[in-house]
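Asker: Here the protein sequences come in this chain order: A, B and C. The numbering of the first sequence is the UniProt record's numbering, which starts it at 1 and goes up by one. The numbering of the second sequence is the UniProt record's numbering, which starts it at 1 and goes up by one. The numbering of the third sequence is the UniProt record's numbering, which starts it at 1 and goes up by one.
Worth double-checking, as some hints may not be accurate.
Said to hold, decoys possible - Derived SDA-like pairs: lysine to any residue, alpha-carbon spacing no greater than 25 Å straight-line:
#: 1; chain 1: B; residue 1: K121; chain 2: B; residue 2: A135
#: 2; chain 1: A; residue 1: K192; chain 2: A; residue 2: H282
#: 3; chain 1: B; residue 1: K264; chain 2: C; residue 2: W272
#: 4; chain 1: B; residue 1: K182; chain 2: A; residue 2: H282
#: 5; chain 1: B; residue 1: K264; chain 2: C; residue 2: Q261
#: 6; chain 1: B; residue 1: K275; chain 2: C; residue 2: H314
#: 7; chain 1: B; residue 1: K322; chain 2: A; residue 2: R113
#: 8; chain 1: C; residue 1: K249; chain 2: B; residue 2: F327
#: 9; chain 1: B; residue 1: K64; chain 2: B; residue 2: F18
#: 10; chain 1: B; residue 1: K275; chain 2: C; residue 2: K60
#: 11; chain 1: B; residue 1: K289; chain 2: C; residue 2: S337
#: 12; chain 1: B; residue 1: K124; chain 2: A; residue 2: L245
#: 13; chain 1: A; residue 1: K33; chain 2: A; residue 2: E47
#: 14; chain 1: B; residue 1: K182; chain 2: A; residue 2: S159
#: 15; chain 1: B; residue 1: K124; chain 2: A; residue 2: C247
#: 16; chain 1: B; residue 1: K124; chain 2: A; residue 2: E47
#: 17; chain 1: B; residue 1: K264; chain 2: C; residue 2: D273
#: 18; chain 1: A; residue 1: K33; chain 2: A; residue 2: Q45
#: 19; chain 1: A; residue 1: K188; chain 2: B; residue 2: W131
#: 20; chain 1: B; residue 1: K289; chain 2: C; residue 2: D273
#: 21; chain 1: B; residue 1: K121; chain 2: A; residue 2: V214
#: 22; chain 1: B; residue 1: K108; chain 2: B; residue 2: L53
#: 23; chain 1: B; residue 1: K289; chain 2: C; residue 2: Y247
#: 24; chain 1: B; residue 1: K187; chain 2: A; residue 2: L209
#: 25; chain 1: C; residue 1: K60; chain 2: C; residue 2: V292
Don't read these hints as lab results, they were simulated from the structure. Just so we're clear, the structure is a prediction, and the values are computed from it rather than from any experiment.
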Amino acid sequence: MEGTKGVLSHLNLLKVQARGLKAQPQQQQSRVKELKAKVEALKMQREQLKAEIQTHKKLQDLRSSMDNRRAEEEEEMNEDSENSQLLRLMARHTQLKDLLHAHHLIGGYDIMRTRKGVCVSLATAYEGFYLDTYNLEIDMKPRVRVSRHNIPPFIPLNSLTEQTHMQTDLRPFLDTLSQHLNALAGRKQQLKLVKEQHQSVEVMESNVLCSILVLMLTVLGEKTAVLCTLDYTDHTRSLPTHVRLECEDEQLPDSPRWKKNCSLLMETPVHKALLTMKKMGHIV
Amino acid sequence: MDDSIKRLLQRIIKRIPFEMLETTLEKWGRLTEAQRNSLDFTQSKWALTERLLAICEENEWSIKSITDLEMIYIIENPNLGMWNAFQLLDPDEGAHSVDLLQFKKQFKSHLSELIRHVSVKIKKHTDEAVWIRIAWGDNFSRPNHLKPTYVVHHLQTPYVFMTSLNSKLKPLLSQALILSTKHQTIKDANLRGRNLSSIRDLLMRQYQQEFPTKYPSPLAEKNQTLSNRHIEAEHAQAAANRHRMACEAFGRGTLPQLQSAVYKLETKFRDHTNKTMTEREEPFRCVVKFTSTNLLESFRHCASSGIASTPVSPLLSSVPSKGRNYFVVTDNGPGPTQLSQSQN
Amino acid sequence: MEQHQKSVARTPPTSTIAQRKSKSIGYRQSYHSCLSATSRLGLTSALTVRRLNTTRRTPKSHNITDKVNPEHLSLLVKTEWQLSYVTPLYQFRHTQLRSYSRQLSAFIAAEKQQGLAVEVEGLHSSFRVLFSVVQGLSESDDDPETVLIQIHSKPLFGKQDEPQKPIWSGWLTCINGNSEYLRSLPEDFTCLPLFGSNGSEDLTSAVKSWFKQTFDCCFGPLEISNTNLQWLVALWTNCHREYDIQYLKMIWTLPVVPPLQVSYTVNSTDAWDLWNSVRQEMRAGEDEAENVNSIDIEEVIHFFEGLKNHFYRHFRLDLSGGSLNHISSALGSAKLSGRIKIAYSRYMITTLTLLTECALLKMPV
Chain A
1 MEGTKGVLSH LNLLKVQARG LKAQPQQQQS RVKELKAKVE ALKMQREQLK AEIQTHKKLQ
61 DLRSSMDNRR AEEEEEMNED SENSQLLRLM ARHTQLKDLL HAHHLIGGYD IMRTRKGVCV
121 SLATAYEGFY LDTYNLEIDM KPRVRVSRHN IPPFIPLNSL TEQTHMQTDL RPFLDTLSQH
181 LNALAGRKQQ LKLVKEQHQS VEVMESNVLC SILVLMLTVL GEKTAVLCTL DYTDHTRSLP
241 THVRLECEDE QLPDSPRWKK NCSLLMETPV HKALLTMKKM GHIV
Chain B
1 MDDSIKRLLQ RIIKRIPFEM LETTLEKWGR LTEAQRNSLD FTQSKWALTE RLLAICEENE
61 WSIKSITDLE MIYIIENPNL GMWNAFQLLD PDEGAHSVDL LQFKKQFKSH LSELIRHVSV
121 KIKKHTDEAV WIRIAWGDNF SRPNHLKPTY VVHHLQTPYV FMTSLNSKLK PLLSQALILS
181 TKHQTIKDAN LRGRNLSSIR DLLMRQYQQE FPTKYPSPLA EKNQTLSNRH IEAEHAQAAA
241 NRHRMACEAF GRGTLPQLQS AVYKLETKFR DHTNKTMTER EEPFRCVVKF TSTNLLESFR
301 HCASSGIAST PVSPLLSSVP SKGRNYFVVT DNGPGPTQLS QSQN
Chain C
1 MEQHQKSVAR TPPTSTIAQR KSKSIGYRQS YHSCLSATSR LGLTSALTVR RLNTTRRTPK
61 SHNITDKVNP EHLSLLVKTE WQLSYVTPLY QFRHTQLRSY SRQLSAFIAA EKQQGLAVEV
121 EGLHSSFRVL FSVVQGLSES DDDPETVLIQ IHSKPLFGKQ DEPQKPIWSG WLTCINGNSE
181 YLRSLPEDFT CLPLFGSNGS EDLTSAVKSW FKQTFDCCFG PLEISNTNLQ WLVALWTNCH
241 REYDIQYLKM IWTLPVVPPL QVSYTVNSTD AWDLWNSVRQ EMRAGEDEAE NVNSIDIEEV
301 IHFFEGLKNH FYRHFRLDLS GGSLNHISSA LGSAKLSGRI KIAYSRYMIT TLTLLTECAL
361 LKMPV
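Given only the sequences and the hints, what does the whole structure look like? Please build it.
Answerer: Put into structure tokens, the structure is as follows:
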């Protein structure tokens with residue numbers, strides 16, 4: 001027994017050494033994995049930062065619009081203060097609403113615990129107006145799963161849950177979904193405003209997703225019709241990705257004036273762009 | 001003049017109720033001022049039909065203009081037949097940018113490639129729905145305008161609604177639809193009903209769904225319903241709870257009108273008082289069909305009145321949440337009874 | 001079933017023709033005296049049998065096609081009948097059917113002339129009534145034979161050989177009527193308590209009025225109660241051993257707004273398996289040979305509990321909250337409103353036995 005012990009322990013030693021040698025390439029592999037994970041994490045961080053930038057932008061917009069409003073309100077207050085009690089209540093109401101708005105803007109969602117998981121409300125807003133609210137009931141166990149919701153079927157909910165790795169983190173999923181919904185609300189609202197504010201503009205075509213909008217414009221004075229197609233290919237935005245003009249007068253779309261109109265339509269909400277074009281005397 | 005044109009006109013006028021005839025003809029807009037005045041709506045429908053047939057000959061109306069009249073009537077009164085919902089799957093890259101013009105052209109050309117004699121008419125309705133009327137013929141006979149199929153689709157949505165479609169022609173229509181909307185496949189959505197707008201609202205989730213929330217939604221500020229407060233005052237906590245769960249399962253207010261729901265059950269019979277049946281290997285086969293003038297409202301009342309226990313059975317709440325009313329139920333794996341049909 | 005003997009003696013032996021009115025009260029009393037108070041309360045099992053039978057014999061297949069005129073049988077089988085109960089007929093004679101045919105024809109013609117009823121098949125037609133006996137459609141020796149009434153219309157100015165159109169039919173029957181009660185009836189009364197009709201309401205009420213006038217009887221609507229529909233379901237399911245009932249369909253209506261109809265269709269083999277298992281579980285330990293030919297109400301109740309539990313397990317919806325109002329299988333269909341259709345003649349006797357019992361019980365006191 002004692003004679004064999006020395007041999008066996010030596011063999012053991014050799015085994016351990018061999019294992020150590022084998023482990024080296026594995027270590028390298030795990031290093032690669034680590035780096036890949038880091039890349040993923042950084043990508044995520046980038047996404048989050050992007051979202052934050054957007055949020056800050058929105059906040060800034062809000063602040064400036066609120067400042068404007070406040071300035072207007074103060075003027076009115078001085079003029080007449082007989083109902084000051086009511087006015088104070090109204091002010092408080094506005095303040096609370098703004099707080100709620102700010103809560104939504106910084107990415108705070110209304111989340112409520114339910115029997116199996118949570119229920120999330122996503123409020124949409126455009127230019128300071130609250131629009132539709134959407135809800136999702138999300139089961140947490142055995143796996144994260146949307147069990148019930150009222151998101152319209154043309155929002156690709158299923159692919160969003162996959163793309164944003166909902167299993168590991170709910171946040172990116174909700175952020176992206178909220179972008180889609182807010183953009184939809186924005187496009188829908190713009191279409192509504194075009195119909196309300198611009199009777200001289202004919203809406204030739206639109207769809208439920210508000211991703212295609214075809215307008216018939218009339219050039220002032222000449223009575224020429226211009227067919228204007230707005231393509232909203234990026235469904236997370238409420239501004240078009242492509243604007244196309246068609247006219248009997250083939251020169252017209254290439255004229256500097258209409259080129260400018262084109263970029264105006266690309267950069268400004270459509271109802272505002274039309275207003276500007278009208279003011280400039282380009283269309284009826 | 002072609003006799004079939006007159007026959008079709010006669011059929012359509014027969015379908016339109018007398019009191020709607022005048023407005024429908026007006027919307028159609030193919031009568032001259034004088035001809036319109038010559039129609040006496042105090043006369044019998046038979047006499048009016050005779051007069052219209054005479055005008056038809058006078059104006060030499062084509063089959064196209066007659067089918068236009070039919071479409072105007074059907075679009076305004078879609079709840080006359082049984083509508084079936086279908087779902088488009090796997091959109092291609094360009095699916096979201098298909099516009100009406102493109103769709104019209106593509107659909108017509110694809111369908112006429114598949115079948116020689118077919119007559120297609122496409123109209124866009126004000127609510128953004130695209131209405132398609134198809135009169136089918138075959139390789140030997142001309143399209144039969146007396147039995148047209150109607151298809152309704154909202155561009156950029158995954159749903160298509162069809163009525164009066166012969167099962168033999170379904171593959172052709174499906175093929176033309178997936179090609180022209182740029183999708184890979186189409187499948188039966190297992191939802192049928194007489195009320196087109198109801199089955200559309202159900203699938204598009206355009207009805208008042210109820211969700212648990214800490215705060216009333218901002219919209220509720222404007223039109224807060226009083227019913228909630230009444231219920232709290234009048235009923236015990238349990239009743240209020242049942243009512244809330246009933247609304248969460250089926251929705252609030254007026255609900256989309258479905259006429260029926262069918263469940264084909266092939267599940268094991270389990271009953272602790274009946275050993276023989278519980279030990280039986282084979283499933284217990286039965287078909288359960290619910291019918292009502294408004295199925296979802298009946299279900300909601302079942303749950304809120306206590307005839308149905310709360311929380312509501314997932315089989316019942318699946319009707320609104322999955323947007324379908326035909327289910328095959330089998331025991332799938334462990335756990336409680338599951339809906340086995342492919343869930344998308 | 002020896003319990004029948006006792007109350008015969010209690011039947012008042014009033015049978016003088018001069019006291020018709022009082023007699024008609026008498027027979028009613030006699031029927032209900034059969035159902036002694038104890039039986040209604042279910043205290044003695046021997047007498048409970050007649051209030052609402054809690055035990056019935058298992059249906060057995062009758063070779064009815066050999067016994068009954070095929071023409072009559074095909075009429076009875078293919079039609080949906082609206083049921084009524086009829087109190088015993090005074091001085092009805094199966095030998096007088098020819099004369100009844102003439103009398104009823106004349107009666108309907110008179111009604112029509114008065115403009116009171118009958119607006120069928122245009123004005124220019126007359127009616128031909130035919131009474132006949134349905135031979136062979138009876139079970140026990142005490143059952144009076146079934147009477148069939150058919151009304152045909154014939155155009156007044158039509159050709160002689162033009163075929164007459166059947167426009168109304170009806171029958172009066174008594175199958176396995178409680179023999180104790182039947183024997184207790186005074187001599188001049190014939191008890192055919194179950195009346196089925198098919199055709200226009202006007203003709204039905206004309207026929208009813210003629211019967212009322214002629215035989216001093218009265219009619220009333222016969223609903224088939226929830227319990228009796230459940231009995232029929234069980235009896236029909238039991239037939240599956242010999243004849244494929246194909247399916248078992250039950251329709252409930254739930255009292256919600258708007259009303260919800262639930263139709264529950266069970267595969268016939270699975271229904272039979274359930275029924276069989278209920279029978280076995282209930283009869284464990286009992287002497288089988290003695291009980292295999294009878295069905296107990298407990299079994300019917302258990303069978304329905306099984307069906308309802310299976311339903312509840314899936315839908316969490318309690319069918320007991322609603323009312324069963326329609327049942328059907330390949331053997332026929334029955335509705336709460338008293339409409340019945342028998343689709344397969346071999347088990348007709350079983351169904352009619354149950355309905356005869358319902359009619360006897362429904363008759364006013």
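Asker: Would you mind marking each hint as holding or not holding in the structure?
Answerer: Do the hints match the structure? See the list:
1. This hinted pair checks out: K121 of chain B and A135 of chain B have alpha carbons roughly 9 Å apart, not beyond 25 Å.
2. With a C-alpha separation of about 22 Å, the suggested pairing of K192 of chain A with H282 of chain A holds against the 25 Å cut-off.
3. Taking the CA atoms of K264 of chain B and W272 of chain C, the gap is near 19 Å; set against the 25 Å cutoff, the hint holds.
4. Among the hinted pairs, K182 of chain B with H282 of chain A is inconsistent with the structure: their alpha-carbon atoms are about 38 Å apart, more than 25 Å.
5. Restraint check for K264 of chain B and Q261 of chain C: satisfied, since their Cα atoms lie roughly 16 Å apart, inside the 25 Å limit.
6. Only pairs whose Cα atoms come within 25 Å are accepted, and K275 of chain B paired with H314 of chain C is accepted, the gap being roughly 19 Å.
7. For the given pair, K322 of chain B sits about 23 Å from R113 of chain A by alpha-carbon distance, which is consistent with the 25 Å threshold.
8. Distance check on the hinted pair: K249 of chain C and F327 of chain B sit about 19 Å apart at the alpha-carbon level, within 25 Å; holds.
9. A hinted pair counts as satisfied when its Cα atoms are at most 25 Å apart, and K64 of chain B with F18 of chain B qualifies at roughly 23 Å.
10. Proximity of K275 of chain B to K60 of chain C is assessed by CA-CA distance (about 28 Å); at most 25 Å being required, the pair is judged violated.
11. With a CA separation close to 21 Å, the supplied pair K289 of chain B and S337 of chain C stays within the 25 Å bound.
12. With a C-alpha separation of about 23 Å, the suggested pair K124 of chain B and L245 of chain A falls inside the 25 Å cut-off, and the hint holds.
13. Under the criterion of a C-alpha separation no larger than 25 Å, the hint pairing K33 of chain A with E47 of chain A is consistent with the structure, at around 21 Å.
14. Distance hint between K182 of chain B and S159 of chain A is fulfilled; the C-alpha atoms sit about 18 Å from each other, no more than 25 Å.
15. At roughly 23 Å between alpha-carbon atoms, K124 of chain B and C247 of chain A fall within 25 Å of each other, so this suggested pair holds.
16. Taking the CA atoms of K124 of chain B and E47 of chain A, the gap is near 41 Å; set against the 25 Å cutoff, the hint is violated.
17. For the given pair, K264 of chain B sits about 19 Å from D273 of chain C by alpha-carbon distance, which is consistent with the 25 Å threshold.
18. Annotation: proposed proximity of K33 of chain A to Q45 of chain A holds, straight-line Cα distance about 18 Å (limit 25 Å).
19. Taken as a hint, the K188 of chain A and W131 of chain B pair is honoured in the structure, with Cα atoms around 22 Å apart against an allowance of 25 Å.
20. Between the alpha carbons of K289 of chain B and D273 of chain C the distance comes to roughly 22 Å, so the proposed pair stays at or under 25 Å and holds.
21. At roughly 22 Å between alpha-carbon atoms, K121 of chain B and V214 of chain A fall within 25 Å of each other, so this suggested pair holds.
22. Simply put, K108 of chain B and L53 of chain B have alpha-carbon atoms about 30 Å apart, too far for the 25 Å limit, and the pair is violated.
23. Pair hint K289 of chain B plus Y247 of chain C holds up; C-alpha atoms about 14 Å apart against a cutoff of 25 Å.
24. Pair hint K187 of chain B plus L209 of chain A holds up; C-alpha atoms about 22 Å apart against a cutoff of 25 Å.
25. With a C-alpha separation of about 12 Å, the suggested pair K60 of chain C and V292 of chain C falls inside the 25 Å cut-off, and the hint holds.
Checked against the numbered hints listed earlier, the structure breaks hints 4, 10, 16 and 22; every other hint is satisfied.
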